[in-house]
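A.B. asks: Could you build all of it, start to finish, from the sequences and the hints given here?
Chain residues, written in single-letter form:
Number of protein chains: 2
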Amino acid sequence: MSDWTEISGGITAPRGYQASGIVAGLKPSGAPDLALILSDVDAIAAGVFTTSQVRAACVDYCRQQLQARSSARAILCNAGQANAATGEQGWLDAVESSEVLAKALNIAPESVLLASTGVIGQRIKMDALKAAIPQLVAQASESGGEAASRAIITTDLVTKSIALETTFGDRPVRIGGISKGSGMIHPNMATMLGFVTCDAAVSPPLWQEMLSRATNRSFNQITVDGDTSTNDTLIALANGQSRTPAITGKGPEADQLEAMLTAVCEHLAKAIARDGEGATCLIEVQVSGAPDEPDARQVAKTIVGSSLVKSAIFGHDPNWGRIAAAAGRAGVNFKQEDLRIQLGEFVLMEKGQPLPFDRAAASQYLTQASAGEYLKSDTVLIQVKLGNGSGVGKAWGCDLSYDYVKINAEYTT
Amino acid sequence: MSDWTEISGGITAPRGYQASGIVAGLKPSGAPDLALILSDVDAIAAGVFTTSQVRAACVDYCRQQLQARSSARAILCNAGQANAATGEQGWLDAVESSEVLAKALNIAPESVLLASTGVIGQRIKMDALKAAIPQLVAQASESGGEAASRAIITTDLVTKSIALETTFGDRPVRIGGISKGSGMIHPNMATMLGFVTCDAAVSPPLWQEMLSRATNRSFNQITVDGDTSTNDTLIALANGQSRTPAITGKGPEADQLEAMLTAVCEHLAKAIARDGEGATCLIEVQVSGAPDEPDARQVAKTIVGSSLVKSAIFGHDPNWGRIAAAAGRAGVNFKQEDLRIQLGEFVLMEKGQPLPFDRAAASQYLTQASAGEYLKSDTVLIQVKLGNGSGVGKAWGCDLSYDYVKINAEYTT
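Line order of the protein sequences matches chains A and B. The opening residue of the first sequence carries number 1 in our numbering; numbering runs sequentially from there. The opening residue of the second sequence carries number 414 in our numbering; numbering runs sequentially from there.
Keep in mind that the hints were calculated from the coordinates and are not lab data. Hints may contain errors.
[Stated by the list, open to error] Taking beta-carbon pairs under 7 Å as the criterion, some of the chain B residues facing chain A (in silico):
#: 1; residue: VAL461
#: 2; residue: SER465
#: 3; residue: VAL467
#: 4; residue: GLY500
#: 5; residue: ILE533
#: 6; residue: GLY534
#: 7; residue: PHE727
#: 8; residue: GLY734
#: 9; residue: ALA738
#: 10; residue: PRO767
#: 11; residue: TYR815
#: 12; residue: ASN821
[As the list claims (entries may be wrong)] If you only want the chain B side, here are some residues facing chain A, beta carbon under 8 Å, derived:
#: 13; residue: THR464
#: 14; residue: GLN466
#: 15; residue: ARG468
#: 16; residue: ALA725
[Stated by the list, open to error] When the alpha-carbon atoms are kept at most 27 Å apart in a straight line, the in silico DSS-like pairs for lysine-lysine are as follows:
#: 17; chain 1: B; residue 1: LYS440; chain 2: B; residue 2: LYS516
#: 18; chain 1: B; residue 1: LYS748; chain 2: B; residue 2: LYS764
#: 19; chain 1: A; residue 1: LYS351; chain 2: A; residue 2: LYS394
#: 20; chain 1: B; residue 1: LYS440; chain 2: B; residue 2: LYS819
#: 21; chain 1: B; residue 1: LYS538; chain 2: A; residue 2: LYS351
#: 22; chain 1: A; residue 1: LYS406; chain 2: B; residue 2: LYS819
#: 23; chain 1: B; residue 1: LYS764; chain 2: A; residue 2: LYS125
#: 24; chain 1: A; residue 1: LYS335; chain 2: A; residue 2: LYS351
#: 25; chain 1: B; residue 1: LYS538; chain 2: A; residue 2: LYS335
#: 26; chain 1: A; residue 1: LYS125; chain 2: B; residue 2: LYS538
#: 27; chain 1: B; residue 1: LYS516; chain 2: B; residue 2: LYS543
By construction, the Cβ of each residue, glycine as well, lies at the ideal position given by its N, Cα and C atoms.
C.D. replies: Okay, here's the thing in structure tokens:
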């Protein structure tokens, strides 16, 4: 009951899901820009959305749908236009999108959830979207997970997809997920999006609880530039097609399902951080000895979000002073004389005071990480111990390079 | 009673203050690195310090002194070594520094306050410091403000100094100030430091209150890279040598003094932001229509601290979407349909929706700012209206350039 296997197939790996991704002509580049995720039956649906006061119409739309009912059949996602700051017309476009898709699928419009990513202030190109819906529906298949993962990205360098499998009794249970984006990537381009499919049977409130906790330990623990988008959306479906007993409360199956869900979210979140603008490596910060888990996560996220720590790592500088300073300003109480900092295998600080260490070897550790293979040997590990508390937490980010500034500044106005 | 004149002299412009700044051999560069500010008589002393859990010995020392008594005669500031993360020995060095200076000045050690800036984890070079104290004391003079302002900087490009004068009745009252640093500037180099002198007579609790409010509207509203240092210190002295009546509570003199103090702090804070690493311009964000002043300040600081807003301005891109998104994630409630954004004279967004504007001219406004004269025409003004609340607030920062990354990454380990 305590582990799982990684399998292929992404969001269409779980039983009872189809997906598609096509070129609808929404992006000027001509790349795939419209994705569909479809459950064969009504699925339990849980969502986590941007906390920004400036939100896209699709975020308000999904919130409203999920408050009225915790189930869905389909998710429609467009890339190219964010449909944020588009006022009443943006809302009408969202409603019409769901109606057009629902009609093509012969399902209720209330069964459709929406997500958008692209340029803020631009409405969705509705004519192109409506014209593309029949093809999108026709192409939906049980092997369409990869096509969907391609159609939701914008300036991402790679697609992000994963699927895990375990067994409950003698039956397989699977969770798949795709995601895109790293903060607000491109000038005026927005959004972290994540979609998770699961074939377990689980009660709606428990599924939402699991998703919220998993998000706090994954997507909420990554930072590329500290900017929350107007469109951030994570939707998780659970359709019960594994034909395993319904999970309605605590127990080993619930624990296993939540651990798998968390692993899927963590994988997707790390992939987003690693694909951050201009990044040469993934940074993982592990904090232990904090008063509790939220405190540990707070310190980890503050360190991984520090521009000074990020630029030191880009410069291959094992600069413990910046790590200590970031931990100190995180808003969590600890005694500086208890602080311990380790970079890879190098202990840089113990009991709040710097230790002698092999600076050249530590710098070499950072050099190797940025030359490493994507998501394999390219991780810089920073371990920080605050004291003797039981709180542990992790956070992920990327280094700050010339290319970050270049990508975000060199937009020809 | 409602205004003042800018005068020369910096921290020695107010009556009854002497200062000096010399080369003590603490910095490897051989630049001035030891400063003294001396009041002829006991001055009321107020302080504001870093909130970091990782602190320099001088911060703990000043806090302890100011808790025991709210007066001081002298401030000793060294540059080169931060004396942070130096443990028990760092504390003993701080105590010895104050004792050596007190003996040379023939005052009580309790009358000395301390500040340090430089490399974290390094103790002060005590032999050099002790050997330099006699010269430091001998050179103290009523025209030494400029020398002191030079001796407290590290990688700052320019010194930061100001003095203002008003009259209470027929007598002049003056406030002077110096500051240094912009976040954690250099690899392992730390610290924002500010020192303010005033010759008014004011009660200790009122002076501390005024300083705290002024700090919230100035130093706490600037950001270069979001990193709070281990040594951040602002100390304000008021020695009563203007021979004006003691201010002990509310009234026109108290209002005038606080307004002047705030103006001094705002000037010094803006100078720090403008001198941020790699900055090509100063960014001022003015927020209005918020529920209250702290909310307005919070939104202003979030916008000015956004890496995406900062890099857009470096790229001369009038990117209202990033400004709106940063406002939205600031943690302050507002209705997006009320949002108004203005860049210089260009209204970019009204009632939550983008307006057509002359993009080339708006870009030209940003281009001119970064080519402007230091602290004169080089300010980019962003005005944001959230709604109909009475809360207004300002914040200052600088753009994010290639040079920021270069300065912070290219430290040869």
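A.B. asks: State for each hint whether it applies.
C.D. replies: Verification of the supplied hints:
1. VAL461: violated, 15 Å
2. SER465: holds, 4 Å
3. VAL467: holds, 3 Å
4. GLY500: Result: holds, 5 Å to nearest chain A Cβ.
5. ILE533: holds, 4 Å
6. GLY534: holds, 4 Å
7. PHE727: With Cβ-Cβ at 5 Å, under 7 Å, it holds.
8. GLY734: holds, 4 Å
9. ALA738: This hint holds: ALA738 (chain B) lies near chain A, its Cβ roughly 5 Å from the closest one there, short of 7 Å.
10. PRO767: holds, 4 Å
11. TYR815: The hint holds - TYR815 (chain B) has a Cβ within 7 Å of chain A, the shortest such distance being about 5 Å.
12. ASN821: holds, 4 Å
13. THR464: Nearest chain A Cβ about 7 Å off; hint holds.
14. GLN466: holds, 4 Å
15. ARG468: holds, 7 Å
16. ALA725: holds, 7 Å
17. B:LYS440 <-> B:LYS516: Judged against 27 Å, a Cα distance of about 24 Å means the pair holds.
18. B:LYS748 <-> B:LYS764: Cα-Cα ~9 Å, so holds.
19. A:LYS351 <-> A:LYS394: Holds, because 21 Å separates the two Cα atoms, which is no more than 27 Å.
20. B:LYS440 <-> B:LYS819: It holds: about 22 Å lies between the C-alpha atoms, which stays within 27 Å.
21. B:LYS538 <-> A:LYS351: holds, 23 Å
22. A:LYS406 <-> B:LYS819: Judged against 27 Å, a Cα distance of about 13 Å means the pair holds.
23. B:LYS764 <-> A:LYS125: holds, 23 Å
24. A:LYS335 <-> A:LYS351: Roughly 9 Å between the alpha carbons, so the hint for LYS335 (chain A) and LYS351 (chain A) holds.
25. B:LYS538 <-> A:LYS335: It holds: about 26 Å lies between the C-alpha atoms, which stays within 27 Å.
26. A:LYS125 <-> B:LYS538: Cα-Cα ~67 Å, so violated.
27. B:LYS516 <-> B:LYS543: OK: LYS516 (chain B) and LYS543 (chain B) at ~11 Å, within 27 Å.
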